Each structure stands twice: as C-alpha cells, then as structure tokens.
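Trainee: Chain residues, written in single-letter form:
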Amino acid sequence: MSDKLLIIIPAFNEETTISNVINDLKKCGFKDILVVDDGSSDQTAYIARNLQVEVISHIVNIGLGGAIATGLDFARERGYEHVITFDADGQHKALDAVKIYRALKENYGDLIIGSRILELKKRYYIRYLVNCLSNIFTFLLSGALISDSQSGLRGFGPRALKSIYPQTSGYEVSSEIIMIAKNLKLLVFEVPVTACYSDYSLKKGQKISNLLKVARKLLAIS
Amino acid sequence: MIVFQTVYLVFFVTTLWRLVTKKVFRVWVVTMWILLWTTGAVLVLFPQVSFFLAHIFGIGRGSDLVIYVSIILIIYLLYRIYVKMEKISKRMDLVVRKISRPVSN
Numbered sequence: 001m002s003d004k005l006l007i008i009i010p011a012f013n014e015e016t017t018i019s020n021v022i023n024d025l026k027k028c029g030f031k032d033i034l035v036v037d038d039g040s041s042d043q044t045a046y047i048a049r050n051l052q053v054e055v056i057s058h059i060v061n062i063g064l065g066g067a068i069a070t071g072l073d074f075a076r077e078r079g080y081e082h083v084i085t086f087d088a089d090g091q092h093k094a095l096d097a098v099k100i101y102r103a104l105k106e107n108y109g110d111l112i113i114g115s116r117i118l119e120l121k122k123r124y125y126i127r128y129l130v131n132c133l134s135n136i137f138t139f140l141l142s143g144a145l146i147s148d149s150q151s152g153l154r155g156f157g158p159r160a161l162k163s164i165y166p167q168t169s170g171y172e173v174s175s176e177i178i179m180i181a182k183n184l185k186l187l188v189f190e191v192p193v194t195a196c197y198s199d200y201s202l203k204k205g206q207k208i209s210n211l212l213k214v215a216r217k218l219l220a221i222s
Numbered sequence: 001m002i003v004f005q006t007v008y009l010v011f012f013v014t015t016l017w018r019l020v021t022k023k024v025f026r027v028w029v030v031t032m033w034i035l036l037w038t039t040g041a042v043l044v045l046f047p048q049v050s051f052f053l054a055h056i057f058g059i060g061r062g063s064d065l066v067i068y069v070s071i072i073l074i075i076y077l078l079y080r081i082y083v084k085m086e087k088i089s090k091r092m093d094l095v096v097r098k099i100s101r102p103v104s105n
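First to last, the sequence lines map onto chains A and B. According to full-length UniProt numbering, the first sequence is numbered sequentially starting from 1. According to full-length UniProt numbering, the second sequence is numbered sequentially starting from 1.
A few of these clues could be false.
What the hints assert, rightly or not - Here are the simulated BS3-like pairs of lysine-lysine, each with C-alpha atoms no more than 25 Å apart in a straight line:
1. LYS185(A) / LYS4(A)
2. LYS105(A) / LYS182(A)
3. LYS23(B) / LYS87(B)
4. LYS213(A) / LYS23(B)
5. LYS84(B) / LYS182(A)
6. LYS213(A) / LYS99(A)
7. LYS182(A) / LYS23(B)
8. LYS121(A) / LYS93(A)
9. LYS4(A) / LYS98(B)
10. LYS31(A) / LYS93(A)
11. LYS31(A) / LYS99(A)
12. LYS98(B) / LYS87(B)
13. LYS4(A) / LYS31(A)
14. LYS84(B) / LYS98(B)
15. LYS90(B) / LYS162(A)
16. LYS99(A) / LYS26(A)
17. LYS99(A) / LYS122(A)
18. LYS27(A) / LYS121(A)
19. LYS90(B) / LYS182(A)
20. LYS105(A) / LYS162(A)
21. LYS162(A) / LYS98(B)
What the hints contain is simulated information worked out from the structure, not anything from laboratory work. Predicted model, so just to flag it, every value in this text is computed and none were measured.
Using the sequences and the hints, build the whole thing.
Mentor: Here is the structure:
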C-alpha cells in the first residue's frame, strides 16, 4: 500500500476489538495506521501501542468528530495524501478499506464513502431507519443525497484532506464532512461495503435517541 | 402572604450580600441581578404595582404578568447558559486536541 496513505481509527473504549481491527488492516497491507484514543478508560491505547501503530491519546473523551479532526491534522502535518477513516468496533472489513483506497487512487471522487446501506436494509432494520433519517437530514442541509451518510468508513483524497476541517465533536461529524465537501464542490462517491455488526458494535454508534442532538448541532453550524 | 414576603426578603438580602461581597462577577452582571431581585422585592411588598403594570400590558391579573415575565426570563437565561456551555465545550475540545501528541511505540 502507498506510503502516502494513513488509516485513522477513532477509538473510545474498544479494547475488545482494536487488536483484531489493526491486525486485519495490517494483513491487507496497510502500513501507516493511527489510532486516536479518545479518552478511553480501558486498555485501548496500550493495546494499540503494542501493535506498533501510531497512537494519539485525548486526555478526556470529546467525541468522534474531535477524534477524526485530530487524525486529519496529524495526516496533514505528516504530509499524507490519502486518508481512510475506519471504525474501531469491528464493523468494517479491512478488504473494504482496500476498495476505498482503489477508488481514491483511481480518482473516482475526492471523498469516498463506504456505503453499508444494502447490508443494513437486509438485516439491521433499526440501524437502517436511523441511517435513512440521517440521510434525509444531511440532504436537507447539504443537498447531497448519500445512501449511507453515517458510514465511518470513508476515504479522503488530496483535495478533501487539504480542505476538510470538521468543527463538530460528536457523531454529527459524518454529516458535517459531507456538508463541507458539498460546499467546497468536492466530488463525493460511494462504494458499497459490507457491515459485520455484532451485539457489541450495535450497542455503539448512532442511535435514534441521538438523532435530535445531531440535528441540533448540525443546524447550529449550517 | 406574610410568610412568602418574609422568605423572599430573606433570599433577597442574602443574595445581594453574596453578589456584592464575593466580587467574582462583573459590575454589569451584579447590577442586572440587583435590578431583578429588587423588582421582585417591589412586586412582593407592593402587589398593587403588578396590578398597575398588568393593566398597562392588557393582562387581567398582576400575578399573571409576573408569571409571564418569569417564564420569558427563565427561557432567556436557559438560552444564555446553553450558548455559554457550547462555547466552553468547544474550547475544551480544542484544548484537548492541541495538547494531544503522538505517543511513541
């Protein structure tokens, strides 16, 4: 894999899954991996460090958006050209990150989103509903119709990496990134990916109860 | 009514005392709170003032006027607190991100 590609894994209390996620990514040839430990109280950072990847630790938990912003800053400082964000809860397959990377390399878009929507529609109805509502809201605010606006698997090409600076700290960052890309007239492209949800990963991530908070935060920045 | 007036006046005096002696608030904040509490004290001690004001605003009873104004004030103060909290939260996020550095393996 390219020396100019960084995988960012935002992680908060993911000690049970982080080692598998990192090892799978390494097996697929990803060399540069950054774990942004977002104030975890468990062994997430320790495990990641022992697996010989870069680790940045926030002293307190500030949220997914803050962790992604820290990762993007790190990538820009170190001169990376491509970035892929990858969830730490084990819901993504490392091979899908390869698909995202190919799409970036072949210039399908500046921002590549790994869409899990087909998988969600088939099996995970509540998550599908949350995503549909989020997609509608993202569309109303940005004008971009994305099938899985809340996907944590996304790729940033050089233009996106250079110009996207998220301001929000929580889960609303997923919609915000799309809003910024649309405002900057960046090309957003979707690649179908699989979602391997476990009971553990279903407990994490976006929830219906969180939607109002996300909507409020997005309205504040739009 | 005498009981309520006494309780209010005790609160009024102690709050004013704290505001003035603590010296942690800015002058305009202290002035605003003193005005607010003094208005309350006037309305409690002289209820006929609230009847008079209610009449000017076309509201039937003085107590209704007090409730309406209180609700508006509470909503406004909640809004201000919310904005302030958001600002503090954003600053805290920024500080956390700025002081975080890569940890070597």
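Trainee: State for each hint whether it applies.
Mentor: Hint by hint, here is what the structure shows:
| no. | hint | verdict |
| --- | --- | --- |
| 1 | LYS185(A) / LYS4(A) | 24 Å, holds |
| 2 | LYS105(A) / LYS182(A) | 20 Å, holds |
| 3 | LYS23(B) / LYS87(B) | 24 Å, holds |
| 4 | LYS213(A) / LYS23(B) | 37 Å, violated |
| 5 | LYS84(B) / LYS182(A) | 30 Å, violated |
| 6 | LYS213(A) / LYS99(A) | 32 Å, violated |
| 7 | LYS182(A) / LYS23(B) | 50 Å, violated |
| 8 | LYS121(A) / LYS93(A) | 18 Å, holds |
| 9 | LYS4(A) / LYS98(B) | 24 Å, holds |
| 10 | LYS31(A) / LYS93(A) | 16 Å, holds |
| 11 | LYS31(A) / LYS99(A) | 16 Å, holds |
| 12 | LYS98(B) / LYS87(B) | 17 Å, holds |
| 13 | LYS4(A) / LYS31(A) | 10 Å, holds |
| 14 | LYS84(B) / LYS98(B) | 21 Å, holds |
| 15 | LYS90(B) / LYS162(A) | 22 Å, holds |
| 16 | LYS99(A) / LYS26(A) | 15 Å, holds |
| 17 | LYS99(A) / LYS122(A) | 22 Å, holds |
| 18 | LYS27(A) / LYS121(A) | 29 Å, violated |
| 19 | LYS90(B) / LYS182(A) | 24 Å, holds |
| 20 | LYS105(A) / LYS162(A) | 16 Å, holds |
| 21 | LYS162(A) / LYS98(B) | 19 Å, holds |
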